[in-house]
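Undergrad: Position chains F, X and Z against the provided structure of chain U, taking the given hints into account.
Chains as they are written, first to last, in the numbering used here: chain U, 1 to 357; chain F, 1 to 357; chain X, 1 to 357; chain Z, 1 to 357.
No wet-lab data here; the hints were simulated from the structure. Fair warning: this is a prediction, and the values are worked out from it, not measured in the lab. Where hints are given, some of them may not hold.
One copy or two, it doesn't matter: identical chains are merged, so the pair holds either way.
Listed below are the simulated DMTMM-like cross-link pairs for lysine to aspartate or glutamate, each with C-alpha atoms no more than 20 Å apart in a straight line [stated by the list, open to error]:
(1) K75 - E39
(2) K305 - D97
(3) K66 - E40
(4) K66 - E86
There are 4 protein chains.
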Amino acid sequence: MSHNSFGHLFRVTTWGESHGPALGCVIDGCPSLVEITEEEIQYFMDRRKPGQNKYTTQRREPDQVKILSGTFEGKTTGTPISLMIENVDQRSKDYGDIAEKYRPGHADFTYQTKYGIRDYRGGGRSSARETAARVAAGAIARKVLGPDVKIQGYLTQIGAHKIDCSRFDAAEIENNPFWCPDPVTADLWADYLDGIRKDGSSVGAVIEVVASGVQAGLGAPIYGKLDSDLAGAMMTINAVKGVEIGEGFSAAALTGETNADEMHAGNEKGPRFSSNHAGGILGGISTGQDIVVRFAVKPTSSILKPRSTITKSGEETEIVTKGRHDPCVGIRAVPVGEAMMACVLADHLLRHRGQQG
Amino acid sequence: MSHNSFGHLFRVTTWGESHGPALGCVIDGCPSLVEITEEEIQYFMDRRKPGQNKYTTQRREPDQVKILSGTFEGKTTGTPISLMIENVDQRSKDYGDIAEKYRPGHADFTYQTKYGIRDYRGGGRSSARETAARVAAGAIARKVLGPDVKIQGYLTQIGAHKIDCSRFDAAEIENNPFWCPDPVTADLWADYLDGIRKDGSSVGAVIEVVASGVQAGLGAPIYGKLDSDLAGAMMTINAVKGVEIGEGFSAAALTGETNADEMHAGNEKGPRFSSNHAGGILGGISTGQDIVVRFAVKPTSSILKPRSTITKSGEETEIVTKGRHDPCVGIRAVPVGEAMMACVLADHLLRHRGQQG
Amino acid sequence: MSHNSFGHLFRVTTWGESHGPALGCVIDGCPSLVEITEEEIQYFMDRRKPGQNKYTTQRREPDQVKILSGTFEGKTTGTPISLMIENVDQRSKDYGDIAEKYRPGHADFTYQTKYGIRDYRGGGRSSARETAARVAAGAIARKVLGPDVKIQGYLTQIGAHKIDCSRFDAAEIENNPFWCPDPVTADLWADYLDGIRKDGSSVGAVIEVVASGVQAGLGAPIYGKLDSDLAGAMMTINAVKGVEIGEGFSAAALTGETNADEMHAGNEKGPRFSSNHAGGILGGISTGQDIVVRFAVKPTSSILKPRSTITKSGEETEIVTKGRHDPCVGIRAVPVGEAMMACVLADHLLRHRGQQG
Amino acid sequence: MSHNSFGHLFRVTTWGESHGPALGCVIDGCPSLVEITEEEIQYFMDRRKPGQNKYTTQRREPDQVKILSGTFEGKTTGTPISLMIENVDQRSKDYGDIAEKYRPGHADFTYQTKYGIRDYRGGGRSSARETAARVAAGAIARKVLGPDVKIQGYLTQIGAHKIDCSRFDAAEIENNPFWCPDPVTADLWADYLDGIRKDGSSVGAVIEVVASGVQAGLGAPIYGKLDSDLAGAMMTINAVKGVEIGEGFSAAALTGETNADEMHAGNEKGPRFSSNHAGGILGGISTGQDIVVRFAVKPTSSILKPRSTITKSGEETEIVTKGRHDPCVGIRAVPVGEAMMACVLADHLLRHRGQQG
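Only chain U is shown next, with the shape it has when bound in the complex (with noise of 0.2 Å):
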């Protein structure tokens, strides 16, 4: 058991703090001969480092990650890889009101109830920093699963905005700075996104992240469901409020002759399916069909605007989140959720061939 690793076969342990000198992981069990990189690695990391535009945060870090073990001659040995990013740009001065307050929506008044001592500097532990140790663990993670998986990430909704699903069109996800697939809503979360950080606040996002090219057979009955696993994963990136697979609460109101996706005869490679309700996962277990998973994420917590709150010592006050913040979290959030789908994946791809060969 381990509060800060995930994964089985192939598991991640993250540490670092958000002002510490450095953060990173172990990622041990991958398989060895997996060729790999820095700079395979930093790819990942340049898709999730703040302050490329002005609808994220400022903090300038390069997030350069270097491998310190677990590879040798550019390849894999089978020993733990171990990954380190060091910190830049900490500025804590920004940050000191908050040792005293506990900022609402934040896991100040939280961790200083649990611990008893919290490193308050940009959230310490809590800080969404701690996800650029997960991107680089996703990289060699989308290794492991070879080049026929593709995974996947873009945003569907900022604040009540939603995209129009029959403008869906891969190729403009990387076109815009809010990996909007929808380049109509791109235009308009522009100018929302402009109005919410003029006016110090903050807004929330719902994103889809979907892995193609999986094999039929991933995930395990019962407590090793993949869409389990998958859920717990995608609920333990900072914010996250909700989860859904496929349909997800949709499915509430559907029929059963509606949801249950028909089979009809396929190829080598499985049934052909006329639907994907069930996101790519029956059973717990993948279909070969895409596996669709979709996630929400709140608005950030640190506002511009005052908010009432106590002191560590239980007094009244009231609190102004300085900093440099994302007015929405959601955005970064994407190369995370693809980290932790193929993390998850290439967990269970080994969990899979351990038992059934």
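TA: Then chains F, X and Z, alone, in the frame of chain U:
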């Protein structure tokens, strides 16, 4: 690692198939000196058991639980508690057709693909009968949590019909066969489900489970988050396709100033929060407020309407699933959701005091 | 984490007390399509069961194993295998005295101190009856390993009397009640143990378990070492006080040039080693040679001689442990040691192919 | 599950190769508010570090430990503690020959067979340098255990030369380079090892580690036995081939009346035992007496004498392992054995209070 266990310190391993001689669970790590009797467990078994009204499967199972180990003179001894429930009313002949054909929406295809074999009788291991063992474990988890922690589940939606929260009355929950806290909606659901049942169809539902009296400080940062474990746990329940904590998916549309629950000076139990959008969890750790989890259950895939599918050998065919089924499996998911909440909380209580004393 | 489970991918959880209604285990993670019957398991149960000769406890237990789940039409399905053995010959009245007094050398005092309660009847959970469940699990583990892996245990020492290795004859092992590979020593032990038994005393033993036909490459570096798991596994057997791999403690007195097994060109199965001081494991990973484990069992603490002890309330007293006991529990530890070897190897086989395919 | 982690609630994951840029560990689950500084850890690092006298490897490593996360203002915060030790004195050119040839007694062959690749420089992951990370973790574990628990290791045998227990003097242990509690034997060992070293040979050793002040009640029945975890932990140390608790293998030759430690009325800390054959553990649970573990270390396999072996491609050859090596690795195993004892006890302390409060 274990595919059929959940929890870490309060660890439950379930076993058994729908049509085998029995099913059960082993609970490892339960503290000693917890007073528990078969009668106390049976109370919760009876809340879940089938055949109690026309809205649930007509399979007649007494679901009589036996304690085989781990207690002595009415108290737990700290050693593994083995609980067994014998299957009585299997009627395996009902299921002849599904030996060869895959039922859409069911795990038939994925189990067969993964394992190359499946116990098709009544769905085997993927049957919701497995949840009887969870309810038994949950009864013991409640005793570990103590009398101050109250756990209550109820339905908030069947099909497209949601309850009206302004009529919420906890006293009504046990007064109708739907665990519905809104008596007006309960009547509506009765009519609606009659139609669904006569039509040989099925429909989904949304269940909410609330735990009150939970101390602040349970949970852990990052991958041991209380909400992550709750999401994963609820997603292991048969047919669940989505999980939310507190505001859930609605949080996406809120602004930071609306969503973050303001704090005020409270009493010795903790601060007073002006709202509970967080669902009682911040940064993965309980706040002391009510813990609020919702999950969506898809419509039963076993329906009387013919559906296109394929045989084990890949040929196209049709299937009608006769047998005895729930028109809305969400109803019987209520005691199961409560049990999972209890087990996750008990596990985190032990984990918390393990680390923090 | 689990106090009563062992293994990771081939994971066994045992339950049950000496004088409860039954005991058993749940095996999770077993591959599907392994052919197994109750009769095959029973063969190994019968090798361990008590009362077969005057050198083991006279408790009469048929130790009849029942498969409650996890198989279908004679094959495993990949779901948890639940095995149960009913207790038949408890005679709890024999144990009245030990409710109040701690037996020296037994777990009475430590269980009471840890848990504040104990099932004192026959030792409760700390009774060697628990090992029946291990033997059942081991029977399935052997099937997972396949017919090329042979596991054979035998005694090499009872009291101070060691076998003469020059007379080692594997064919003799099943020809005497001591699993003794040296017929001359077997006769000596018979006389010696007759004396011990008549004297109301007991004596220790050393058991060696050898696995042949194990492929090179099982195990893992550092904390997943095959020898670490074997040592931990053997040390979980009741009364075991020491474990050795290969040369074991004798290696301390050797020089590097004597101890390191030289390698020579071999065949497709691997190199030829000039010796096997390593006991088949180098760096925690199997070499393809015989895996050789030895463990020491202390003398049964239940003896007919009066011993000084204290009561639960701390008063000085004397105790004589009547009941039915083994003069040398090491004898019945042979099938248990074999079972643990089988379970550890099966687990590592699955772990290896999980990571390395 | 994790190949490179040990412990459950006090969980240590190590990483790093002998000739990589650094090595280290992540400690997850450490209680908060434990006061710890780099200097306190460094004290233990210095006891293990190489090159301190002519009896250990001449590799010069400062083994300077850095705390990268998990503490704040000199106290642990309950979040993962990342510790890093940079490698300084690699001299990789020394090891050119072993890229192609397998060193007998080393893990070269098994790593290559398992993983199809290995970092041969200095043994890569299988190097005893990994134990530096354990010692760092052990320093923190000691702080978790508190000042009442004392852990002391020492050598009792080098080659065939055992200490004379009648001359045992704990004060002597730090007075010679062998952690030898018997000054006469220390002198003998000095001469003996000089000869071994000049001869280019090596020799094994036996180490005893004693923990005093450990409360009764730590450990768990069956597979969570304290002695099982200690045995498994010690067996993970490089070159260890045997582990004993208390009387160990000698218990085989004892009778029940000699071996079982009689109990007498004691004080508030527990009963008084007339002896400690049990080594402080009964039924897997601590008795409150000294916990006594012994382990045997084989002779260093890297020796200057030519040995027959094969190349990676299977051809017969000879090898002489130059490099810088310990003539008796058992000496440097003392601080490592102490660290493992500390980590296992800290883990069981947390596990005990998790279950029992």
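Undergrad: Up to 20 Å between alpha-carbons, please classify K66 paired with E40: within, between, both or neither.
TA: Close inside one copy (11 Å), not across copies (28 Å); limit 20 Å.
Undergrad: Classify it for me, K75 with E39: is the Cα-Cα distance of at most 20 Å met within a copy, between copies, both or neither?
TA: This pair counts as within: shortest intra-copy Cα distance 13 Å, inter-copy 36 Å.
Undergrad: Taking 20 Å as the upper bound on the Cα-Cα distance, should K305 and D97 be classified as within, between, both, or neither?
TA: within (14 Å within a copy, 63 Å between copies)
Undergrad: Within, between, both or neither: how does the pair K66, E86 come out at a Cα-Cα threshold of 20 Å?
TA: Cα proximity of K66 and E86: in one copy and across copies (9 Å, 14 Å).
In summary, the structure agrees with every hint in the numbered list given earlier.
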